[in-house]
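Peer 1: Please build the complete structure, drawing on both the sequences and the hints.
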Amino acid sequence: MEKWLLTSPNILILDEPTRGVDVGVKVEIHKEIVRLAETGMAIILVSSELPEIIKLSDRVIVMHEGIISGRFDRKEDIIPRNLVSAATGIHKIS
Numbered sequence: 001m002e003k004w005l006l007t008s009p010n011i012l013i014l015d016e017p018t019r020g021v022d023v024g025v026k027v028e029i030h031k032e033i034v035r036l037a038e039t040g041m042a043i044i045l046v047s048s049e050l051p052e053i054i055k056l057s058d059r060v061i062v063m064h065e066g067i068i069s070g071r072f073d074r075k076e077d078i079i080p081r082n083l084v085s086a087a088t089g090i091h092k093i094s
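If you count by the numbering used here, then the sequence shown holds residues 1 to 94, one letter each, in order.
Calculated directly from the structure, the hints in this document are not laboratory data.
Heads up, some of the hints might be wrong.
[As the list claims (entries may be wrong)] In the DSBU-like style, the derived pairs of lysine-lysine whose C-alpha atoms are separated by at most 30 Å in a straight line are: (1) 3 to 31; (2) 3 to 26; (3) 26 to 55.
Peer 2: Okay, here's the thing in structure tokens:
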């Protein structure tokens, strides 16, 4: 990830950044994501790990069968029940 940051991007897109890494490395990656977000960098995080999404996200968009099925813009709405409901197609945004 560090080599990509050398170009000083305004937006960082991370697709499953912690898949296949051990717990210690995962913690370090999470710390770096938080640090970058605190500097004002926009980060788009794609993850299938619910705890990771909840921990790191200020806003969540969920897709089901290729369609946006949930949009959660408030931290208090980013909870497992809402995200799973949207991911399984039970909850549909209007």
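Peer 1: The structure should be examined with respect to each hint, and the outcome stated for every one.
Peer 2: Results for each hint:
1. Taken as a hint, the residue 3 and residue 31 pair is honoured in the structure, with Cα atoms around 17 Å apart against an allowance of 30 Å.
2. Simply put, residue 3 and residue 26 have alpha-carbon atoms about 18 Å apart, close enough for the 30 Å limit, and the pair holds.
3. Taking the CA atoms of residue 26 and residue 55, the gap is about 12 Å. The hint holds against a cut of 30 Å.
This entry satisfies every hint, going by the numbered hints stated previously.
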